[in-house]
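All chains, full assembly: derive it from the sequences and hints.
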Amino acid sequence: MNDMRLTERVRTEMATKMQARGVDVHYGDTHAIKDVSIDIPDRTVTAFIGPSGCGKSTFLRCLNRMNDTIPIARVTGDITLDGEDVYDRRVDPVQLRAKVGMVFQKPNPFPKSIYDNVAYGPRIHGLSRNKAELDGIVEQSLRRAALWDEAKDRLDQPGTGLSGGQQQRLCIARAVATSPEVLLMDEPCSALDPIATGQVEELIDELRQNFTVVIVTHSMQQAARVSQRTAFFHLGNLVEYGETGQIFTQPEDPRTESYISGRIG
Amino acid sequence: MPTIWLFAIVLVTGLAGFALARGRAVASAGGDTRVMHSRPLYHGLNGLLTAMLPALGLLVAWLILQPVLLDRAVVGAIPPEVLEDGAARSLVMADVRRVADGLDAAIAAGVATPEGLAALTAEDDVRGLLGQAGVALGSDVSPYVLEAARDMRATAATLRVVMWVAVLAVLAIGLGVALKRSHADYRARNFVERGVLVLLVAAASIAVLTTVGIVASMLFETVNFFSQYPASSFFFSTNWDPSFSGRGGGSELGIVPLLWGTLYISFIALLVAVPVGLLAAIYLSEFASKRMRSVAKPVIEVLAGIPTIVYGLFALITVGPLLRDAIASPLGLGNSASSVMTAGLVMGIMLIPFVSSLSDDIINAVPQAMRDGSFGLGATHAETIRQVILPAALPGIVGAVLLAASRAIGETMIVVLGAGAAAKLSLNPFEAMTTVTVKIVSQLTGDTDFASPETLVAFALGLTLFVITLGLNVLALYIVRTYREQYE
Amino acid sequence: MTDATASGAPATAPANSLMAPDARTARRNAAEKRFRAYGLGAIAVAFGALVVLLLSILSNGLGAFTQAKLSFPVTLQAEQVAEAEGALLKTSAYKAMLQEALAAYLAEQGTDVDAEVAISLLSDEAAATLREFALANADRYGEPVPFTILANGRIDGFFKGRVTYESAELDRNVSPEQLRAAESLRDAGVLTAGFNWSFITAPDASDNRVEAAGLGVAMLGSLYMMLVVLVLALPIGVAASIYLEEFAPQNRLTDLIEVNISNLAAVPSIVFGILGLAIFINWAGLPQSAPIVGGLVLTLMTLPTIIIATRAALKAVPPSIRDAALGLGASKMQSVFHHVLPLAMPGILTGTIIGLAQALGETAPLLLIGMVAFVREYPDAPPEGLFDPASALPVQIYNWTQRADPGFFERASGAIIVLLLFLLVMNLTAIFLRRRFERRW
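Protein chains in written order, with this note's numbering: chain A, 1 to 265; chain B, 1 to 488; chain C, 1 to 441.
Derived by calculation from the structure, the hints in this document are not laboratory data. Careful: at least some of the hints might be erroneous.
[Stated by the list, open to error] Result set (DMTMM-like, lysine to aspartate or glutamate): computed pairs, CA atoms no more than 25 angstroms apart in a straight line:
| hint | chain 1 | residue 1 | chain 2 | residue 2 |
| --- | --- | --- | --- | --- |
| 1 | A | Lys112 | B | Glu485 |
| 2 | C | Lys33 | A | Asp88 |
| 3 | A | Lys106 | B | Glu286 |
| 4 | A | Lys106 | B | Glu485 |
| 5 | A | Lys131 | C | Asp22 |
| 6 | B | Lys290 | C | Glu32 |
| 7 | C | Lys33 | B | Asp372 |
| 8 | B | Lys297 | C | Glu32 |
| 9 | A | Lys106 | B | Asp361 |
| 10 | B | Lys290 | C | Glu438 |
| 11 | A | Lys34 | A | Glu240 |
| 12 | C | Lys69 | C | Asp124 |
| 13 | A | Lys112 | B | Glu286 |
| 14 | B | Lys297 | C | Glu438 |
| 15 | A | Lys106 | B | Asp372 |
| 16 | C | Lys315 | B | Asp185 |
| 17 | C | Lys90 | C | Asp112 |
| 18 | C | Lys160 | C | Glu125 |
| 19 | C | Lys95 | C | Glu108 |
| 20 | C | Lys332 | B | Asp241 |
| 21 | C | Lys315 | B | Asp361 |
| 22 | C | Lys160 | B | Asp325 |
| 23 | C | Lys33 | A | Asp92 |
| 24 | C | Lys332 | C | Asp255 |
| 25 | A | Lys112 | C | Glu116 |
| 26 | C | Lys33 | A | Asp68 |
| 27 | C | Lys332 | B | Asp372 |
[Said to hold, decoys possible] Restraint-style ranges between C-beta atoms, simulated for each label pair:
| hint | chain 1 | residue 1 | chain 2 | residue 2 | range |
| --- | --- | --- | --- | --- | --- |
| 28 | B | Leu263 | C | Thr148 | 52 to 62 angstroms |
| 29 | B | Asn190 | A | Ser163 | 45 to 55 angstroms |
| 30 | B | Ala304 | C | Glu166 | 39 to 49 angstroms |
| 31 | B | Gln368 | C | Ala284 | 50 to 60 angstroms |
| 32 | A | Ala15 | B | Gln368 | 54 to 64 angstroms |
| 33 | B | Ala216 | A | Lys152 | 53 to 63 angstroms |
| 34 | B | Val212 | C | Thr164 | 55 to 65 angstroms |
| 35 | B | Gln368 | A | Pro194 | 26 to 36 angstroms |
| 36 | B | Leu263 | C | Thr164 | 35 to 45 angstroms |
| 37 | C | Val425 | B | Val398 | 49 to 59 angstroms |
| 38 | C | Ala284 | B | Asn190 | 34 to 44 angstroms |
| 39 | C | Ala23 | A | Gly53 | 38 to 48 angstroms |
| 40 | A | Lys152 | B | Gln368 | 27 to 37 angstroms |
Built from N, CA and C at the ideal position, the CB exists for glycine as well.
As structure tokens, this is what we get:
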């Protein structure tokens, strides 16, 4: 069974994981997202780019219903995960977010030990039967986030004591530990220095093997480096969406071209 | 003439100084205020301050020091054997003061003349005479007290004259200096501003003076108390049993049962206030809609604005009888309306808004990123609060609880009316017990004799209370401040 | 490209549908609901406590505002009054006059109530009241003058349900016969209940005259103390705040002052009472029970509140205002007094009113400086009156709770209603000031 699914996944590598149709978002009186439809393929890194305030982060937060925590936000339209409407009344956002994890702009480790930070998700979701299993998940997650070697001797020290880049990798490890199917990243490198950024970018590329990654970035270079597909947002509209290489070399829309060549943004 | 007139003279002279200095300065500029260094207003203020402040300062200082000087002056008239211990000394001096006041009153009431007083001896009916003037004395007047009282009156009269002369002289000098300085080139503004700054510093220093006053007043009498009653018995005796015979001795004044009652009641109060206050704060800051928050928060804060005497009466006439009839009596736990439970419960209600508003601040100081991080991992709101927000806010909440504990320990009216007066070391919360504050009130109200250990013990109790609450406050403020800095 | 060993979700995470919550999620959601319920419960507890508290005070205290009174005409004769004034026991002479007048009136009305019993329904104050009335109405001797007088506390309590026939059997101070007489007098319209002005204006009364006890002296005393607090605490507090916020250098003295202020704000109020007793009364020799001492103690207690509020208000004025003034050549002092202080004024006033409200309700320190004494004389007008003995509202409440007659509990609750009304007005004023003048930068 496992093998069957595996082969199927390999074959339909570009199968659609998440799909949005006619999504509008209002913040109070502000129309933040206008009629966006997009297909996000499985096990790919999809980048959302665009000038600040274009709605790319807002749209990202719709994908795992993080906007629910903002009382004035109102989302209409359809967003599906594996064909299931995530805004259906029967869907529990908590369960959804276990499948669609999120990493934030600013590293936000909890004021707990490194171990407890990573074990937080598995604990609340009950992913382990015993301590040994939990230890395994923590180690595996830290390894996937390329943090194991630096952190293995100080697992009981507070996560807030790590450097900025390490903190962000800890947050990624924390997100990975819940075994999500989709990983949303909201400008994960904007608070990091270039070396830490390089490490995280490398990590994102590796994560693609196991997860569907959607990354919001204000850096076109970063989008070009890490993503296979790129969506360009402008003033709440999805202007253009396609292969990253194609978007950067032969944009179809003049607005995309202006942005890429530095005239807007 | 009463001293209040001297105040009036100083004030009026100050105002005159304002007008004169301003007028002189403007005149020296030939009426052209543009050539003056400072605006005329500042010359006026310079006149006001220079004339008035030194005289006012002298007057206030004099009035503060006069009682001490008077005591010094008349103590010579009293035989030294009466003055052997400090307690008797203050008693005698109080007598002297009362008789001296009585003699004044007698003259004012017209039942005696100054000449008559000079001829007065202890054999005459001094007590009766003062009684006619409306001053009731507790006992007959002994010769040396009368002598000292007469001395005191004479010295007081002299001092008063000296004070008038000194204050008026300083006033005149001040006014002279102010007027001499008032001309167009004088930098009146700079001078006035420096003067105002001094006043501002003085105002700010009152906080320090208050603390010094609190500590000094209690320390002095506490030392006095420990000279009459052993400190070890005070701190370690488990018996509180003051004798009411006054100076007869035989009192047992152990603080242990009082502290026990205080801590027991505070513990119950916190048991009520911390969960309710904390949960209310969590609900209001995390779950409640904006509208609900805007209604519920002020309503809870109303509880904080209600004076403690109101809670005390609530404990006395509603909660106490209710607890007794509904719980204590049926269960055979006691039949007293005043009890640890009554006082603790009501005090807990009083502390709810205190805990909730402090916790609210602290929970709101936890960055939103923490919540996002937890939600992003698929945690429920409750899980986020319990496992991320509360641990992050824990130091702040501990600080808030310590502040609440300090409040509970120092609270007076609720325990005076709700806890009872019997000092007891018992575990039964439905028994009446008493607290440090209750005993301070009972030992210091009514007829008090500031020489007996039964009265002085109140100061030792007060100092203990002050030290405990101060320690809690300092610790709490330190914890809260460190916590705030963590998220700034 | 795919690494099979690292791929796939762990076996423990079933890839089930979003639409069907698993058992664990259901459990977690139930926990979430429970948690919310605890929070709501806590708020309900706080609300409930407030409601019960207010209801208890209201139900116990509203009665204090009505009072049973007897109204009947009295005909005073000049010679009678003169004789009574000459008598050794003036009150008993007046009592006889009162009884005569009441007997005449009852006979005229044709009720079956015995005058002897009827007179026992009156307050112990009755004779003294008649004397005052007689001396004040010297021009109306010889004609019947309508006269209203308080019924005694037990009779008043009977109409308020506090005293019943059963309780009267056991009470030395009242008999069922008196209650029956009171009922027939009420039916005859002699005994009526009306608004109790004397509760607001009269001074305190002794233990067995609960019906005459009023709040006049206590309210005046509280007013005097508030005046002292306002006159002292506002300027000192504002001056201290200006220094700390605008001028204080970063040094040890400033730190010391800051630490002192935050600690004073949390010192138990009773400690301030000890301070007042030791410093103002024992050392400085100020009189006991005087509003000036109470005012001074409350000033020291209120200062931290005012300073904290004032500093917040000063801090809220943006630095650009100061810079603008300094840029025009104003001195630092001028920029503060001309610009910053006026802009901060609404916040300062709000803080001051809240501080005053706190001071108004404060009881414990006043007990220690002798405000608990029984005072029947109104203090003189300030400034001399500040040194006269007086009571204070919260202390009067405490005082009444210590009396034997249960009628005093009603008075105490009634006094609390008055106190809470004052506090309500003060806090509403503060809220109004904040709403009206608050400025957002």
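Right, here's what the structure says about each hint:
A distance of roughly 18 angstroms separates the Cα atoms of Lys112 (chain A) and Glu485 (chain B); the hinted pair therefore holds under the 25 angstroms criterion. As the CA atoms of Lys33 (chain C) and Asp88 (chain A) are separated by approximately 20 angstroms, the hinted pair is consistent with the 25 angstroms bound. Straight-line distance between C-alpha atoms of Lys106 (chain A) and Glu286 (chain B) comes to about 22 angstroms, which keeps the hinted pair within the 25 angstroms bound. Taken as a hint, the Lys106 (chain A) and Glu485 (chain B) pair is honoured in the structure, with Cα atoms around 19 angstroms apart against an allowance of 25 angstroms.
This hinted pair checks out: Lys131 (chain A) and Asp22 (chain C) have alpha carbons roughly 23 angstroms apart, not beyond 25 angstroms. At most 25 angstroms may separate the alpha-carbon atoms for a hinted pair to count; Lys290 (chain B) and Glu32 (chain C) meet this at roughly 20 angstroms. Pair hint Lys33 (chain C) plus Asp372 (chain B) holds up; C-alpha atoms about 20 angstroms apart against a cutoff of 25 angstroms. This hinted pair checks out: Lys297 (chain B) and Glu32 (chain C) have alpha carbons roughly 22 angstroms apart, not beyond 25 angstroms.
Of the pairs offered as hints, the one joining Lys106 (chain A) and Asp361 (chain B) holds, with about 23 angstroms between alpha carbons and a cut-off of 25 angstroms not exceeded. For the hint linking Lys290 (chain B) to Glu438 (chain C), the alpha-carbon distance of about 21 angstroms falls within 25 angstroms, and the restraint holds. A C-alpha spacing of about 14 angstroms is found between Lys34 (chain A) and Glu240 (chain A), which places the hinted pair at or below 25 angstroms, so the restraint holds. For a cut-off of 25 angstroms, the pair hint linking Lys69 (chain C) to Asp124 (chain C) stands: about 13 angstroms separates their Cα positions.
The straight-line distance between the Cα atoms of Lys112 (chain A) and Glu286 (chain B) is roughly 21 angstroms, inside the 25 angstroms bound, and the hint therefore holds. Distance restraint check for Lys297 (chain B) and Glu438 (chain C): the Cα-Cα separation of roughly 20 angstroms lies within the 25 angstroms cut-off, and the hinted pair is therefore satisfied. For the hint pairing Lys106 (chain A) with Asp372 (chain B), the CA-to-CA distance comes to about 11 angstroms; that is within 25 angstroms, so the pair holds. Between Lys315 (chain C) and Asp185 (chain B), the direct Cα distance comes to roughly 36 angstroms. Violation of the 25 angstroms bound is thereby established for this hinted pair.
Between the alpha carbons of Lys90 (chain C) and Asp112 (chain C) the distance comes to roughly 30 angstroms, so the proposed pair goes past 25 angstroms and is violated. Simply put, Lys160 (chain C) and Glu125 (chain C) have alpha-carbon atoms about 20 angstroms apart, close enough for the 25 angstroms limit, and the pair holds. With a C-alpha separation of about 20 angstroms, the suggested pair Lys95 (chain C) and Glu108 (chain C) falls inside the 25 angstroms cut-off, and the hint holds. Our distance criterion of 25 angstroms between C-alpha atoms is broken by Lys332 (chain C) and Asp241 (chain B), whose separation comes to about 61 angstroms.
Proximity of Lys315 (chain C) to Asp361 (chain B) is assessed by CA-CA distance (about 19 angstroms); at most 25 angstroms being required, the pair is judged to hold. A distance of roughly 23 angstroms separates the Cα atoms of Lys160 (chain C) and Asp325 (chain B); the hinted pair therefore holds under the 25 angstroms criterion. Between Lys33 (chain C) and Asp92 (chain A), the direct Cα distance comes to roughly 14 angstroms. Compliance with the 25 angstroms bound is thereby established for this hinted pair. Distance restraint check for Lys332 (chain C) and Asp255 (chain C): the Cα-Cα separation of roughly 22 angstroms lies within the 25 angstroms cut-off, and the hinted pair is therefore satisfied.
Among the hinted pairs, Lys112 (chain A) with Glu116 (chain C) is inconsistent with the structure: their alpha-carbon atoms are about 84 angstroms apart, more than 25 angstroms. Of the pairs offered as hints, the one joining Lys33 (chain C) and Asp68 (chain A) holds, with about 17 angstroms between alpha carbons and a cut-off of 25 angstroms not exceeded. Proximity of Lys332 (chain C) to Asp372 (chain B) is assessed by CA-CA distance (about 46 angstroms); at most 25 angstroms being required, the pair is judged violated. With their beta carbons about 54 angstroms apart, Leu263 (chain B) and Thr148 (chain C) fall inside the hinted range of 52 to 62 angstroms.
The beta-carbon spacing between Asn190 (chain B) and Ser163 (chain A), approximately 54 angstroms, falls within the hinted interval of 45 to 55 angstroms. Checked against the hint of 39 to 49 angstroms, the C-beta distance between Ala304 (chain B) and Glu166 (chain C) comes to roughly 42 angstroms, which is consistent with it. About 55 angstroms separates the C-beta atoms of Gln368 (chain B) and Ala284 (chain C), a value consistent with the hinted range of 50 to 60 angstroms. In this structure, Ala15 (chain A) and Gln368 (chain B) break the distance hint of 54 to 64 angstroms, their C-beta atoms being roughly 35 angstroms apart.
Distance hint check: the CB atoms of Ala216 (chain B) and Lys152 (chain A) are about 60 angstroms apart, consistent with the given range 53 to 63 angstroms. Between Val212 (chain B) and Thr164 (chain C) the C-beta distance comes to about 58 angstroms, which sits within the given range of 55 to 65 angstroms. At about 27 angstroms, the CB distance of Gln368 (chain B) to Pro194 (chain A) agrees with the hint of 26 to 36 angstroms. For the hinted restraint 35 to 45 angstroms between Leu263 (chain B) and Thr164 (chain C), the CB-CB distance of approximately 43 angstroms keeps it satisfied.
Here the CB-CB span from Val425 (chain C) to Val398 (chain B) is close to 38 angstroms, at odds with the stated 49 to 59 angstroms. Here the CB-CB span from Ala284 (chain C) to Asn190 (chain B) is close to 36 angstroms, well matched to the stated 34 to 44 angstroms. At roughly 43 angstroms, the beta carbons of Ala23 (chain C) and Gly53 (chain A) sit within the given window of 38 to 48 angstroms. A hinted range of 27 to 37 angstroms for the beta carbons of Lys152 (chain A) and Gln368 (chain B) is consistent with their spacing of about 31 angstroms.
Hint compliance for this structure: hints 16, 17, 20, 25, 27, 32, 37 are not met, and every other hint is.
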